[in-house]
Structures are given as structure tokens and as C-alpha cells.
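Novice: The lines below spell out each chain.
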Amino acid sequence: MFETLYSGLPDSKGDTLPTSTRDVERLFLNAEVQNILYRVTKLDLDKVFHVRKQHLSNPVFKLMTEAELKKNQELALELAKEKLQMPPIMNQRKTISKILAHDPDLASIDMVKYVFTDISFGVKERDRFVVVREPDGELRYAGWEERDRMMQIYFPKEGRKQIPPRMFERPELLEEVLTRQNYEFVLDVACVQYEPDNPEYHRVVYRAYAHIEQTKSYDQLRSSRHFGCLTFYLTMHKKIDNLLVDMIQRNYLADAADTIRLYHIFHPECKSRAELHTLGTEPQALELVKLFAKTDSQKQGSLELALQSYEDLHEATAQAAQ
Amino acid sequence: MVVAIRLAYYGCTNRPFFHIVAIQHKRARNYQPLEQIGTFDPMPNANDEKLVAVNFERLRYWMAQGARFSRPAARLLGLSGFLPVHPYSYLAARRNRTHLETAQAQNNDNSADTENDNDKDS
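Those protein sequence lines, which keep their order, are chains H and B.
The opening residue of the first sequence carries number 1 in this note's numbering; numbering runs sequentially from there.
The opening residue of the second sequence carries number 1 in this note's numbering; numbering runs sequentially from there.
The hints are simulated quantities; they were obtained by calculation from the structure and are not laboratory data.
This list has only true hints and no planted wrong ones.
Chain H residues, not near chain B, derived (Cβ > 12 angstroms throughout):
hint, residue
1, 33
2, 57
3, 126
4, 199
5, 269
In silico lysine-lysine, DSSO-like type, Cα no more than 30 angstroms apart, as pairs:
hint, chain 1, residue 1, chain 2, residue 2
6, H, 98, B, 50
7, H, 42, H, 216
8, H, 216, H, 47
9, H, 53, H, 70
10, H, 113, B, 50
11, H, 94, B, 50
12, H, 157, B, 50
Note that the structure is a prediction, hence the values are computed from the model and not measured.
Cβ atoms here follow ideal geometry from the backbone N, Cα and C, with glycine treated the same way.
Could you build all of it, start to finish, from the sequences and the hints given here?
Specialist: Now the structure itself:
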């Protein structure tokens, strides 16, 4: 409905995604992409349910049979999957610029604007009417910033602040937090504060991902809801080399292969995809990574070195087993 | 008895606030209404906005029940675009514009006078 109500500027340029004309949303919602991102995130119950500050209460002890215990463990697994739900990657929202009425006879009705919000029950947030009567008599739809503020006033979301945290308003403060490498904290706060198609959200989150790429601290986000989005971003920008090295060093070769498959989906014109047929029908993970290192890698040296160490280690263990 | 849609004055000293209510028209101003269907904050916020929230769905229901608007409520909803703009709004706007023009003209006269005085001094 809203698509017809507003027309506006095209997606802004800048440090969003290089292929901004491509539909990022559709790519993100692709079933295979979702599967890959879920596998790569690696559900680890200990990390998902890590100890955190909670409201004090007495511990609860339950006596269960084996069957009940198993059932509860399955429920815990389902809850963990819910917690790992990725915040969606969307295109930046287009500015709203629709005018409902020009009323020059109403000019100077007041010195300030009037903002009218519809608080009817059961209307979706995106479909709610928020209109503004300007002092010069013009009646228009409210812009996105005005909408966000009104929605937070009348339908507040838990954790969202009326005034955004200062680290989002001033870039130097964000840099300070990123230097401390509190990545999960920043990304969680951004996820709560902003809608996923808010340009501010994109700015903050992409800056965090770029910083993670610089410091190579991918493991902090592993088994959190942000790892999938991080992988998506890096693969889009063709910056997966450090990530692959990290995965190989931790013996996550299947994840490395998955990331390369993601790369093939995003960049179907790449060289490694063209040469995929040389590996046969069911390529081994190690061979896939080697092919990628040969063709499309931008850090061929370090990637091949990591592969070499991995092979040596596995040869050594195989020999030791014999 | 007729239902009225009008503003009920709440808030405290030096801080007015209005509820938009549907209420039996003979009741006291702040009597318990049939339904509160919105709010109006007459004091501009930090972004120079006066905030009005209206439950338009319930407003339509009460209109269907034959509710009558008070003049301030009708003017407010006229500004929102839900009702046609009230004639008093047009009059008030025109009055404000005239006041602004005379104030502007007076300012210009004053500045012209001070300029003339300065010339005389020098």
C-alpha cells in the first residue's frame, strides 16, 4: 500500500552495496541463501544462552524422565533458533514526499506544525496515517523520521529510545565503541533502535561490519543473529578472503565451502563458478576452497598458506592414527 | 441525548493538555466520557510540532451514532484533513496574516525612523 503512496529519490549512493541496482531483499529472502547463512552461523547453545544479567528470582529445579528431558532439550533448540533470527537486509527506504492538499488560505494558521497520528486499533505500523499540517497551509504525509518518532510515542517498542543513543548520532563515538570491539552490543542496540530499511541503520551496521573485517574478529559474532548478515555483506562486497582464512584455521571447512557457494549466487559471473565443472558433480569442500584461492581470491597468498597448514595438520593426524 | 465530540481540558498549571472525547453533551467538561478517542497537546515540542492523536475508526463510529462536534474539535479535525476545513480556521489564518503584516510594516517604519535619526546626529 505504501509503495503507491510515496514517490521519491532513488537509493542514495555511498557505502551501501556496490550492486545497488540489484534487489538485495530478494537475494536475502532466497531459500538457499537463508540455508547457507543459517548453517554458517553455527548454533551453539552455550553461546546463545550465555549467562546474562536478569531479574533476580529463585532457581527452579525440575524432576524429569528421560523422555521429558529430551522434549525440553528440543524446545530449547527451537528457542535458540528463534534467538538466531537474522535482522532482515533491506534496501534503503525511499523518502515520502506526497502532498494531500495545498491550502494557501490557511497560511499562518499557527506558527508551528500540527502532526496528526491515527491511533486506530489493528492497523499495521507501516499502513498507519501520519499527516502534517504545515504553517503555510500545506497538508502532507509525514516523513520517515517524523513517522518513527510518532510510532515510538504512541506505540512504543521495548528497548527503543525516543532520542537515539549518542554513539549513533556522532560518528567519533561510534568509532570509540568499535575500537573496544563491542560488536554484538552495537549491532543489538542498532537492531532495536532502527527499522532495517532505515539509512541510519545501514550506516551504523555497515561501519561495524567494515571494522570487524579490519580487525578480523569474526568469531565474536559466530552463533549470534548478526553473523549471517555479516557474511551476506562481506560476500556482496567480495571481501571473504579473511573470513575464509578464519574458517579454515578453525577447521570449519564446510562453512568455507558454503561461503563460496554464496559468492557464486551473488556473483554468477565470477571465474571460480565458470571453472566449477572441473571439480566434478559433488565437489569436496577442500577442493572448492582451493579453486576459489586459485581464481577469485584477492589474498591468494594467505589463503593458500592456511590451506597448506590445514592439509599438513590433517596429514599428521591421519599418520598418527595409523 | 446527543453525543458530543469535544476537547476535555486536562494537564496542570502552565501545562495544558486536551483529551478528545465522545461524551453526552450535557455532562461536565471533564466528566467520565463514553470514550476517549484521542489527545491534543497544545504546547509545541522540541521539533516545533503540536501532536494530535485521533482514533479515526472510533470517530467514524460516533459520527454514525449522530455525534456533534464542538467548534474547537471541528477546527482541529479540519486541519487534519478528516473534516473539511472550518470557516473559522480561514478567518483566524487571515487575522494572523494581517497582524503579521502590520507588525512587519511597523518594524520597517521603526528601522527607517532610527536610520533618519542617526543621519541627523551625524
